[in-house]
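Visitor: Just so we're aligned: 42 in the working numbering is position 42 of the sequence shown, and the numbers increase by one with no gaps anywhere.
It is worth saying that the hints were derived from the structure and are not from the lab. Quick reminder that beta carbons are idealized off the backbone N, C-alpha and C, glycines included. The hints are all genuine.
With a Cα cut of at most 27 Å, we get these calculated BS3-like pairs of lysine-lysine:
1. K165 x K207
2. K6 x K24
3. K178 x K221
Using C-beta positions, here's what the derived DEER-type ranges look like:
4. G26 x P127: 26 to 34 Å
5. R34 x R126: 30 to 38 Å
6. V53 x G146: 22 to 30 Å
7. L28 x S205: 54 to 62 Å
8. P204 x L28: 46 to 54 Å
9. P204 x N2: 47 to 55 Å
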Amino acid sequence: MNAGTKIFHLRRDRNWNQKQLGQKLGILANQVSRIERGHRVPSATMLEKLVLVFGVTRDYLLDDGKDYFPPRNGDIISPQPYKDTGTALPTKTVPLPYSEQILSGDLAHTVHEDLGEYHVLRHLWRPNRYVLRVESDSMYPNLRKGDLILVENVSEGKPTDYSGKICTVLLNGENTIKRVVVNASGEIQLKPDNPYAPSITVTPSDKLTIQGWVVALVERKNP
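Required output: the full structure, derived from the provided sequences and hints.
Guide: As structure tokens, then:
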């Protein structure tokens with residue numbers, strides 16, 4: 001799948017027409033059409049704009065293969081952050097808490113002295129976000145065991161507000177990462193993206209808390 005075709009599908013997934021995407025990129029609708037049809041190759045500057053608009057990596061747009069699946073249902077896969085090599089940090093990166101376990105509560109007003117740090121691009125920073133290492137393959141292929149993801153914690157999150165998104169949840173005292181799905185009947189399901197992992201139907205007697213939602217994939221584990 002070439003870059004133009006990927007851009008077409010990314011645009012359609014967001015219900016944008018070519019004029020709307022063009023406005024976000026600062027170009028005309030017919031220029032968007034030429035890019036999508038492969039008649040125009042995006043410049044380096046245009047690629048950076050596409051990365052920010054769609055929340056995908058530059059490599060994803062340029063790679064004709066399928067290193068990983070594109071985002072769906074509002075998921076975001078973002079550019080990889082700067083890795084600290086002992087040199088001075090670029091001005092476009094900032095540290096966030098890093099954890100190998102799901103965190104709960106208000107991170108902005110809580111001191112976590114036992115947590116590490118991970119540097120992300122400045123535009124990804126929010127006071128209630130942290131970087132989490134994925135510990136299972138239940139969300140494969142979108143998220144793999146060992147991946148680092150950006151999570152934004154929420155207070156009093158309602159399942160209906162996050163339906164379709166990958167979330168960190170607390171179900172009956174156990175933490176997990178699942179896609180929250182609220183059916184038309186109001187039934188809540190916690191679904192894995194991995195077809196071999198079981199779904200969970202939340203019953204009225206279950207205690208469910210939406211702790212946060214997955215904003216971005218910040219580092220992909222090597223295949």
